[in-house]
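Novice: Residue numbers (this note's numbering), protein chains in the order written: chain A, 1 to 230; chain B, 1001 to 1168.
Calculated directly from the structure, the hints in this document are not laboratory data.
Backbone N, C-alpha and C fix where the C-beta goes; we use that ideal spot for every residue, glycine too.
There could be a bad hint or two in this list.
[Claimed, not checked] The calculated DSS-like cross-link candidates involving lysine-lysine, where the alpha carbons are at most 27 Å apart (straight line), are:
| # | chain 1 | residue 1 | chain 2 | residue 2 |
| --- | --- | --- | --- | --- |
| 1 | B | 1002 | A | 146 |
| 2 | B | 1139 | A | 68 |
| 3 | A | 141 | B | 1002 |
| 4 | B | 1103 | A | 110 |
| 5 | A | 180 | A | 146 |
| 6 | B | 1003 | A | 5 |
| 7 | A | 160 | A | 146 |
| 8 | A | 127 | B | 1003 |
| 9 | A | 5 | B | 1027 |
| 10 | A | 107 | B | 1003 |
| 11 | A | 68 | B | 1103 |
| 12 | B | 1027 | B | 1067 |
| 13 | A | 180 | B | 1103 |
| 14 | A | 146 | A | 166 |
| 15 | B | 1067 | A | 107 |
| 16 | A | 110 | B | 1067 |
| 17 | A | 46 | A | 141 |
| 18 | B | 1067 | A | 180 |
| 19 | B | 1067 | A | 68 |
| 20 | A | 160 | A | 68 |
| 21 | B | 1067 | A | 146 |
| 22 | A | 127 | B | 1139 |
| 23 | A | 160 | A | 110 |
| 24 | B | 1145 | A | 107 |
| 25 | A | 180 | A | 166 |
| 26 | B | 1145 | A | 68 |
[To be verified] Among the chain A residues that face chain B by a calculated CB cut under 10 Å, a handful are:
| # | residue |
| --- | --- |
| 27 | 72 |
| 28 | 89 |
| 29 | 123 |
| 30 | 206 |
| 31 | 220 |
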Amino acid sequence: MNNFKFGLIALLFLSLTQISIVSIPVFAQETEDESTQSASFENIKKIIKENIENSKVKGAIDNLLNRKVALFGQIIRVTGETITITNRLGSRIIPLDETLTITRDGKLIKSEDIAVENWVTILGRIKDDDFSPVFLYVYTKSLLPKPQYVRIGTITAVTKNSITIKPRSDEAETTISIVKTTEFEDLTGTEISFSDLSEDLTVLVSGYNIESKIEASTIRSLAPLAESDE
Amino acid sequence: MKKEVLIAIFVGLSMGLIITFGVYRVKNTITEKPITELITQTETEATATPTVLALHNPEDGTIQTEKELTVTGTTIANTFIIVFVNDDDYVSTSDESGNFAIKVSLVDAENFIRVHVIDENSSAVVEERLVVVSDAFEKLEAAQKELEAQQATASAENQDENPGETNE
Chain A
1 MNNFKFGLIA
11 LLFLSLTQIS
21 IVSIPVFAQE
31 TEDESTQSAS
41 FENIKKIIKE
51 NIENSKVKGA
61 IDNLLNRKVA
71 LFGQIIRVTG
81 ETITITNRLG
91 SRIIPLDETL
101 TITRDGKLIK
111 SEDIAVENWV
121 TILGRIKDDD
131 FSPVFLYVYT
141 KSLLPKPQYV
151 RIGTITAVTK
161 NSITIKPRSD
171 EAETTISIVK
181 TTEFEDLTGT
191 EISFSDLSED
201 LTVLVSGYNI
211 ESKIEASTIR
221 SLAPLAESDE
Chain B
1001 MKKEVLIAIF
1011 VGLSMGLIIT
1021 FGVYRVKNTI
1031 TEKPITELIT
1041 QTETEATATP
1051 TVLALHNPED
1061 GTIQTEKELT
1071 VTGTTIANTF
1081 IIVFVNDDDY
1091 VSTSDESGNF
1101 AIKVSLVDAE
1111 NFIRVHVIDE
1121 NSSAVVEERL
1131 VVVSDAFEKL
1141 EAAQKELEAQ
1151 QATASAENQD
1161 ENPGETNE
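Construct all of the structure, not just a fragment, from the sequences and the given hints.
Specialist: What follows is the structure, given as structure tokens:
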């Protein structure tokens, strides 16, 4: 009986030892991984620090910190010390100070000569998240380009100076005017002539919407063109 | 005898369970990913959602002296991209990865760049950027440097003439 008990205890001890032996390398592996990772991070930090002290990187960072930026918009409010402009990004207040160079038509003007509804282009610097204007160019008319028109559709009619397309979207048929500067291209972008376009041809049209009239700038065929009979 | 058999069976079962549990724990510890990897994987999955148009260059409000620019970005693969620079248009396509790079010419002063991506259903997405071609800053910095040089020269001459005086 004593021998039996002794045997049981020995068996239990062996099994516990076996489990411990298997577990220890796993934890040791984790510790090694962590120590290797922390050494790598320290090395990386050291390299980054050395590079930051490098003048070239410092110069690049200086450029980023004092970034030169341009703004464009229409003036909606003028005070003695600021103007407020609005553009596609929203409204922004621009400070006016003595160091600001203000010009209109290439001539220097004073801040008092700026009026609401004028358009302005402002060149300045961004430092510490603040925009500091340096140059202010004033315009009486908008510089924004003409409204643009881009569609893919099928030609339903061709006349002497226009084509009619049915866009792939749910829009109705649209007549596109052909002007002197309209360019025609085949599937590969190679120049072709207006006479190469025909009904049922799928085309990409890029142009401008001028007072509800669409003028084509480029018409590109999206299908191989039929070979002309010689 | 019966009692001893029962004890032996119980001990055997217990040992088996202990060993099995130990192996199970070891296996889980080896195959378990670190939390940082899980976070990175989750972030990658989150950012892997495709966007219709991502314009890499130019940045909005760029000021440069060069009159050429390469408009780059990523969009749907094999689709048409039309870049308008003021009233000039450039038609191109994206590659199989959705990347595009289109060289455009700029004019002096303001260049309003609009990038249209149009898909097969004629649905378009537009991104807009302002690029100003100007050497105003370069001229200003050159003038400031010249002024500083002149001031340094004048200060040096002043000291040569009156070595005893000190500047306050």
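Novice: Holds or violated: are the alpha carbons of residue 180 of chain A and residue 166 of chain A at most 27 Å from each other?
Specialist: Distance of about 23 Å is within 27 Å: holds.
Novice: With a cut-off of 27 Å on the C-alpha distance, tell me whether residue 180 of chain A and residue 1103 of chain B pass.
Specialist: 24 Å, holds
Novice: Within a Cα-Cα threshold of 27 Å, do residue 141 of chain A and residue 1002 of chain B meet the stated pairing?
Specialist: 108 Å, violated
Novice: Does residue 110 of chain A lie within 27 Å of residue 160 of chain A when you go C-alpha to C-alpha?
Specialist: Given pair residue 160 of chain A, residue 110 of chain A is violated - Cα atoms ~53 Å apart, limit 27 Å.
Novice: With chain B as the partner, please determine if residue 206 of chain A meets the hint condition of a C-beta pair closer than 10 Å.
Specialist: 5 Å, holds
Novice: If you take the shortest Cβ to Cβ gap from residue 123 of chain A to chain B, is it below 10 Å?
Specialist: Cβ of residue 123 of chain A sits 6 Å from chain B, so the hint holds.
Novice: Are the Cα positions of residue 1103 of chain B and residue 110 of chain A separated by 27 Å at most?
Specialist: 39 Å, violated
Novice: Does the alpha-carbon distance linking residue 160 of chain A and residue 68 of chain A stay inside the 27 Å limit?
Specialist: Answer violated: residue 160 of chain A to residue 68 of chain A is near 50 Å, above 27 Å.
Novice: For the pair we were handed, residue 1067 of chain B and residue 180 of chain A, check the Cα-Cα distance against 27 Å.
Specialist: 26 Å, holds
Novice: Holds or violated: residue 46 of chain A and residue 141 of chain A, Cα atoms, limit 27 Å.
Specialist: 55 Å, violated
Novice: With the threshold set at 27 Å, check whether the alpha-carbon distance from residue 160 of chain A to residue 146 of chain A stays at or below it.
Specialist: It holds: about 25 Å lies between the C-alpha atoms, which stays within 27 Å.
Novice: Tell me if the straight-line CA distance from residue 146 of chain A to residue 166 of chain A falls inside 27 Å.
Specialist: Holds: residue 146 of chain A and residue 166 of chain A sit about 23 Å apart, inside 27 Å.
Violated hints for the displayed structure, listed by number in ascending order: 1, 3, 4, 8, 9, 10, 12, 16, 17, 20 and 23.
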